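Peer 1: Given next are the chains, with one letter for each unit.
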Amino acid sequence: MRDKILYILGAVAVLMVARNIYLISGLPGEEAQGAIFKIIFFHVPLAITAFACATVALVSSILFLVKKDFKYDALAVSVTEVGLAFLAGNLITGSIWARIIWGVWWAWDVRLTSALVCWILYASYLMIRHAVEEPTQRANLAAVVSIFAFIDVPIVYFSIRLFRTQHPGPVFFSSNGSFPPDWSLIIFGPLGNLFALCMLAALFTMIRLRQEETQRELDSLRRLAHAF
Amino acid sequence: MRFARQVLVIAAKDLRAEIRTKEAINASAAFALVILLLFSFAFDLDPDTNREIASGLLWLVFAFAGTLLLNRSFARELPNDCLDALVAAPIPGSALFIGKALANYVLLLAIELLSLVVFGIFYNVRWTVQFGQLMIVLALGTWALTIMGTIFSALTVNIRLREVMLPILIYPFLVPALMAAIQLTLGLMKGKPIGPDTAAWLPMLIGFDLIYTAASVVLVDNILVG
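Protein chains in written order, with our numbering: chain A, 1 to 228; chain B, 1001 to 1226.
One or more of the hints may lead you astray.
Estimated spans, in silico, between C-beta atoms of each pair [stated by the list, open to error]:
1) B:1035 - A:190: 51 to 61 angstroms
2) B:1004 - A:104: 45 to 55 angstroms
3) B:1002 - A:136: 27 to 37 angstroms
4) B:1190 - A:161: 21 to 31 angstroms
5) A:106 - B:1042: 20 to 30 angstroms
6) A:35 - B:1043: 42 to 52 angstroms
7) B:1195 - A:95: 35 to 45 angstroms
8) B:1043 - A:26: 49 to 59 angstroms
9) A:161 - B:1002: 35 to 45 angstroms
10) A:123 - B:1129: 40 to 50 angstroms
11) A:130 - B:1214: 22 to 32 angstroms
12) B:1064 - A:219: 52 to 62 angstroms
Bear in mind the hints are in silico, worked out from the structure with no lab data behind them.
It should be emphasised that the depicted structure is a prediction, and the values quoted were computed from it without experimental measurement.
Ideal placement from N, C-alpha and C gives every residue a C-beta, glycine not left out.
Throw the hints in and build the complete structure from the sequences for me.
Peer 2: Put into structure tokens, the structure is as follows:
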């Protein structure tokens, strides 16, 4: 049953992305930026999906600390890894865009810096998992780091906001008509990239979750074998 | 009342142990001096640049020297299983944590004041012009360093590569606090009091201190006991 859900989810998500890529390729280039602006159709939903992953990681970390059930720990690590990959995708697409429009790969700007700091924070979550051998201790410490990291995200964002900004402001559904509403639908619509990428993230998380569960089963079997 | 006494007992114990051995504070102070020396080769030293780079440089020195000090905070309890005894003692984990944080705070402030004096002499920066406000920023920024350092010192005490893990973990978390402290200190080093252009950083720094102190107190039992 779970396998079938996975396959269907994956197939639908891939079809949606394919449809959107077809739609995006048919759009005209933007007046000032040319074709490179089309990166926004992936850049923005990647960031939102990564943020959704971080929220799931926070909730499952709290649930682990409350219930001490290892399935929440497995979910937290799976969804964090997937979220990191999506955030890396966001950083990379942004960097490619910046190289062409700003002429540099990187600028120490509000959103870029906060995205990078978030990435490093969640990478340190994975590092601490690798450094702790004992499963219960690992799960406890990792859950605390995950909660700390999530608290830091808005603080980082607001602190850097006070500092400087160069990143373009939000363009979707704005009244000045800079971004046509039917283009916004390619991201936010019911068949849009955001929904498709969220489904892909859910799919990857479920696959990773299964690996994690298999790993735990193997560990416990090994321990059982050593006991005899 | 009882909680406060427990906190003070832990803090006094840590301070007494440190003053008798001086191992962490010596290493940390020496390290701060060495970095201050190294920075003199990294930059062209004229009074204008000095004032520009002073605050960033100082807070980096505080952060680097601080991790050396904070690393020892819980690691010191490992020999003879003292940490297990402390956790088993009839005090809440939060009292243990705040007690240790207070001791670290005092030690770190001492190192920072020493660094400030040395810095003022070597780099010819008159940091005493806005003395009162600088001390407020120093107190708030140091509490941010201390609270994060102490909680992560507890977190990393039993794991592999402890000495390496602590700085890797805490610096990204400290980004907002360090940024606020650096921005506030920058103006003060130039002799300007905290004005409308920098005032927004102050609530930011206070908020960071409050939020992470609360989060640490709530979560410390999960780290120490599991």
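Peer 1: Look at each hint and say if it fits the structure.
Peer 2: Against the structure, the hints:
no., hint, result
1, B:1035 - A:190: 51 to 61 angstroms, "56 angstroms, holds"
2, B:1004 - A:104: 45 to 55 angstroms, "53 angstroms, holds"
3, B:1002 - A:136: 27 to 37 angstroms, "31 angstroms, holds"
4, B:1190 - A:161: 21 to 31 angstroms, "24 angstroms, holds"
5, A:106 - B:1042: 20 to 30 angstroms, "22 angstroms, holds"
6, A:35 - B:1043: 42 to 52 angstroms, "44 angstroms, holds"
7, B:1195 - A:95: 35 to 45 angstroms, "36 angstroms, holds"
8, B:1043 - A:26: 49 to 59 angstroms, "54 angstroms, holds"
9, A:161 - B:1002: 35 to 45 angstroms, "43 angstroms, holds"
10, A:123 - B:1129: 40 to 50 angstroms, "41 angstroms, holds"
11, A:130 - B:1214: 22 to 32 angstroms, "29 angstroms, holds"
12, B:1064 - A:219: 52 to 62 angstroms, "38 angstroms, violated"
Violation of the numbered hints given earlier is confined to hint 12; every other hint is satisfied by the structure.
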